[in-house]
Amino acid sequence: MKLVIAIIKPFKLEEVRDALLAIGVHGMTITEVKGYGRQKGHKEIYRGAEYAVNYLPKIRIEVVVAADEADKVVETISAAAKTGQIGDGKIFVAPIDQALRIRTGEIDVDAL
Amino acid sequence: MRVALLNRALVGTGAFTVLTVAPAMAQTATKIDPADTAWMIAATALVLMMSIPGLALFYAGMVRKKNVLATMAQTFAVTALCSILWAAVGYTLAFTGDGPVIGTLQSPFLRGITMTAISPFAKTIPEALFMIYQMTFAVITVALVAGSVADRMRFSAFMWFAALWLIIVYVPIAHWVWGGGFLGTAGLLDFAGGTVVHLNAGVAGLVAAFMIGARRGYGSDNFAPYDLSLAVIGTGMLWVGWFGFNGGSALAADSRAVFAIVATHLAASTGALTWMALEWWTRGKPSVLGMISGAIAGLGTITPASGFVLPWHGIVIGLIAGLVCFWSCTWLKHACGYDDSLDVFGVHGIGGATGTFLVGVFAARAIGGTAGLLEGNGKQVLIQLYGIAATTVWSGTATFVLLKAISAFVPLRVDKQSEIEGLDVTQHGEALQ
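Chains as they are written, first to last, in our numbering: chain A, 62 to 173; chain B, 1064 to 1496.
Among the hints, a few may not be true.
As the list claims (entries may be wrong) - Straight-line alpha carbon distances no greater than 25 angstroms define the calculated SDA-like cross-link-like pairs of lysine to any residue that follow:
no. : chain 1 : residue 1 : chain 2 : residue 2
1   : A       : K104      : A       : K151
2   : A       : K104      : B       : W1344
3   : B       : K1128     : A       : E105
Hints are computed from structural coordinates only; laboratory data are not their basis.
Please build the complete structure, drawing on both the sequences and the hints.
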């Protein structure tokens, strides 16, 4: 099994979700996160006081899939989240040792 | 129309006299005008709404999330505390007797303010109404000061400050200007509180900001407001409430009240547009905080002038208000290095002083019975400057001494850890989730 972590632009979330649903991925966990990469933050001005906002809001998606599906999931997310502008985000893939569905006790791929 | 109504009222009271055989009472009853009374009840409610929730929202929206409730608590608690103190001693010290410096203690706890009592300062409404109308002014003035020390003042110290400042600073100045004291006698024009409310609160805020010191991280950390939409809602309530603040200061439901309201509204509008334009020009974007700051600047600045100037003067005064208050908040504050958190001095202090000066320039005999510089009465400008000086000196000095005295018993500022954690949880045991 693989854990796919994608950091994407918040407004791209629904497109990514729809694309993943279309290839049969029926669950994900999302978190509102902040961070920065090449897309730096921006400046805010309040009555003449300037503040640099260094961390931009992003959405972090976590999806666990069978190992042989990981590449397809990565491609799908990449295609759906892409705008071509700086700040589109990143995707990471990591191995997962074990999975368990709490309600039924199913394990590993059956639990996904 | 008005005459017809008056005749009917007189006929009515005549019948009343015959039926009850109580001529003294009937005579008093003719003095209380129902229209004036109705408007002043409404105006009182409008001004109270300026403090809660108007000012509470305006201020709370501009602080960081960890201090939102504490900022609201200051306005809310001041409203309750100063109302009691005003009824107990504040009103009588400000508005009874005609001593040059302070009034008398003839009506402590509203003693003697009967159903038929009338104040010499408002001859057509019940004295109890005049008392509570003035109470709402006292409340908002004290609450305004809190903006200068937001994010760091200890709640207990602020409560002591609010109570003592009301009696030692607000009450005397209200008496000087409106209660028969030396500034009113000298001919100072201050319709609704350019000196008494705005300059007074602004100077006190500046002194307090200097004494308590800048917020931890001032100039380096991000102090972006938690939720400016709250501040926009608060500003809307302040703007609407200001119709009662300035219009009510006519103390009658008459044309002067209407003219004051028109000038007020126009000044708020040009103030907002001026600040917005300046920011657009100098910073590239017209910020929401800029628009609401400009509106408040226009409102504070027109306050002393409304009721003395022509409606279109409101446009000029609002424009000047936008210019000078923008300058004081974005340049003067940074040049001098003080941390007046929510710009009480920059908006209310500078605006109040500017408006008090400008009424000396624009005053029109046709509106308030007094001419200003433009109508050939140059002396009025000097009287206005005298009023500004007297208010600044007393407010500044007394605030300094008062805070020194309080700090001998209660630390004015919360400790470092509490300031970092936020006042909501450390002062009140609550937090926004």
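Tested hints:
1. The hinted pair formed by K104 of chain A and K151 of chain A meets the criterion: a straight-line CA distance of about 24 angstroms does not exceed 25 angstroms.
2. With a CA separation close to 17 angstroms, the supplied pair K104 of chain A and W1344 of chain B stays within the 25 angstroms bound.
3. Simply put, K1128 of chain B and E105 of chain A have alpha-carbon atoms about 17 angstroms apart, close enough for the 25 angstroms limit, and the pair holds.
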